[in-house]
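A.B. asks: Chains as they are written, first to last, in numbering that gives the first Met the number 0: chain U, 0 to 386; chain R, 0 to 386.
For the record, the hints were derived by calculation from the structure and aren't laboratory data.
You may find that some hints are simply not true.
Because identical chains share one entry, a pair is satisfied inside a single copy or across any pair of copies.
[What the hints assert, rightly or not] Derived EDC-like pairs: lysine to aspartate or glutamate, alpha-carbon spacing no greater than 16 angstroms straight-line:
hint: 1; residue 1: Lys343; residue 2: Glu383
hint: 2; residue 1: Lys343; residue 2: Glu63
hint: 3; residue 1: Lys343; residue 2: Glu64
hint: 4; residue 1: Lys16; residue 2: Asp289
hint: 5; residue 1: Lys343; residue 2: Glu312
hint: 6; residue 1: Lys4; residue 2: Asp48
Small disclaimer: the values here were computed from a predicted structure and weren't measured.
Number of protein chains: 2
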Amino acid sequence: MSDTKAAALDAADELAKCRELFALDESVVYLDGNSLGALPRHVPARMQDVIAREWGQLRIRSWEESGWWTAPERIGDRIAPIVGAASGTTVVGDSTSVNVFKALVAAIRIADATGGPVRDEVLVDATTFPTDGYVAASAARMTGKRMVPYTPGDPIGPRTAAVLVNHVDYRSGRLHDLPGITAAAHEAGALTVWDLCHSAGALPVGLGAHGVDFAVGCTYKYLNGGPGSPAFLYIRPDHQPSFDSPLPGWNSHADPFGMTPDFSPGDGAVRGRVGTPDILSMLTLESALDVWDGVSIEAVRAKSLALTDFFLEHVSLETVTPLAHAERGSQVSLRCADAGAVMKELIARGVVGDFRQPDILRFGFTPLYVGFADAERAAAVLGEVLA
Amino acid sequence: MSDTKAAALDAADELAKCRELFALDESVVYLDGNSLGALPRHVPARMQDVIAREWGQLRIRSWEESGWWTAPERIGDRIAPIVGAASGTTVVGDSTSVNVFKALVAAIRIADATGGPVRDEVLVDATTFPTDGYVAASAARMTGKRMVPYTPGDPIGPRTAAVLVNHVDYRSGRLHDLPGITAAAHEAGALTVWDLCHSAGALPVGLGAHGVDFAVGCTYKYLNGGPGSPAFLYIRPDHQPSFDSPLPGWNSHADPFGMTPDFSPGDGAVRGRVGTPDILSMLTLESALDVWDGVSIEAVRAKSLALTDFFLEHVSLETVTPLAHAERGSQVSLRCADAGAVMKELIARGVVGDFRQPDILRFGFTPLYVGFADAERAAAVLGEVLA
């Protein structure tokens, strides 16, 4: 391996300066940002202020004076440009699982309301992250549909009401064809729900450009929002008036403080809200999003591909992640006998990735804080452990 | 009014020492703890450690090493004794609204599974906090039931599948008869879901003693968990094996990291979990619960009644909250013309309560940090404003 090459690539990297924004030291190569993003250095001070002053001193006044009440839409508007969505389309709150339920039930209801053929099927990608499948099965059961495993790229028929697909497969790192599948679903009269957990903040998504109906995603991976930070929900503008949520909490009401017994949904992405937002987790996310100021997602993508290419050049294990750029997320998954033990040893030697059953070593590359020297070191340590 | 009497009551108050645990100063009488509890002083330091060390330094390791993964059950076990529940019955996570949905759908499914008469009705107290009604309507719609307004205490018939009641009415402060209504529901073959938002941490609930089936509640009022801190869900032990959640996220799976495509629910209260927990909000709550060490809920209740009695003696407006102790929560609601403007003026003069449409001044009494001198001052300022 060539120290020189990594150093040259790092020297030429316009995003290299972002690393200092994060609480990372040289002892660890952190390749698990696709599970939990690193802490931006400025967040603790901001959260001290939120806790001690906004909560501790202003107390209830902060719902208005500190902008707590509108945080879900405001932070949604910070995430929107990162996933290629317009302002007013995205709301933050709840977990990804809960948002999958909202989006899928809403999609099914819209499909049912359009008339035409009976649409009794909900397609879910066969290798989905498990929670999407579990929740989709519940959504299907509660709306009288049938959940059908779907291989992304297969034809979509007239019985399909909605299609739920993970943009990047959590295990293999495969990037699915969002524009193509969305177009095929629309051609068949179905709606799409995209799970962006492994693509938001890692690559351009283009929700608006590709006409995606609904999308959900977590914010604690490539968006560095902190452990279990709230998820986001995207609702295409023309679907907002017909977004019929199965979780119509008071926060989605047109006049929440009117406290009327009848539910009358608000206008816009606010329909995706449910109950009182978890302000501390939410404002941590908001603060963490500051690292995106001046960063283009195209630059992130270019570096991600360069990093994963570079890492792949330096490892010898079977690669599960597709080599074609158009099919690759921002991670590299390698097949390895005894992968659990190997990952344990890697972590002990300061290279942090993770293990996925039964035989996958998973390495996430977060371009904002991972460099080429890190990739080289990770590959070298992996070589040592395997030897 | 008599300064002496308030001073004597404060001097004799065994809970008076708890006030110093909170970030409060003498400039404000804070009677809005039934909306947002005050900040316990020790929480900012703890959260600094969680953010800077557990997230910032340990990162992904904290899911195991810092006990993040088990936080929902662990914190549930901290709340359980406060609401009279056994260990292993209570789990923390999501908002109250989302938990109402889980509990009500699960209750309906259990009722449906028992055979017997067709149970097509879901009763919801007619003056419920709005979100419960909105979410119950959705639960009823998605399970083929009919939502029927219920006046607590009315008979419950054989068509009832489940009864959802707010333990303390958010507006009037009326305490409903939990043991009696629960027994009547069971007599009729129905299940109960109690919303404890305004009773958890304010008075003894006795979930276990009274055989309540399910309960939900928020943690940011009398439990001081911080703005939008996660709610809790109680599942009676014998219902746990049949708890069939409409939101079966991966966190409720028997083997979450097995990542199997089929859903197989875990044992116990873990079935109430859904997605990745919002750790920062959740650990803030956990830290805040430290103020309960050595505090008995019976002592809290005794002081709450004494405080509200004392306040009522000193005010002249029409009282909406019942005078009978057995029917009173931990708040006093007064009817007042121009209540919105009056509350605004009260707040400007350092007495913080809140206003509820159309004509209610609402004053919450949190026995851990409100004293008799506070109650006296609040009454005096109210008198000045009205004069």
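A.B. asks: Determine for every hint whether it applies to the structure shown.
C.D. replies: How the hints compare with the structure:
Taking identical chains as interchangeable, the C-alpha atoms of Lys343 and Glu383 lie at most 16 angstroms apart only when both belong to the same chain, with a minimum of 13 angstroms there against 69 angstroms between chains. When the C-alpha separation of Lys343 and Glu63 is checked against a cutoff of 16 angstroms, the pair qualifies only between copies, where the shortest distance is 14 angstroms, while the shortest distance within a copy is 47 angstroms. Within a single copy, Lys343 and Glu64 get their C-alpha atoms only as close as 47 angstroms, which misses the 16 angstroms cut-off; across copies the closest is 14 angstroms, which meets it. In this homomeric assembly, Lys16 and Asp289 come within 16 angstroms of each other (Cα to Cα) only inside a single copy, at 14 angstroms, whereas the closest approach across copies is 42 angstroms.
For a Cα distance limit of 16 angstroms, the shortest separation of Lys343 from Glu312 qualifies neither inside one copy, at 23 angstroms, nor across copies, at 67 angstroms. Neither within a single protomer nor between protomers do Lys4 and Asp48 lie at most 16 angstroms apart by alpha-carbon distance, with minima of 43 angstroms and 39 angstroms respectively.
Hint compliance for this structure: hints 5 and 6 are not met, and every other hint is.
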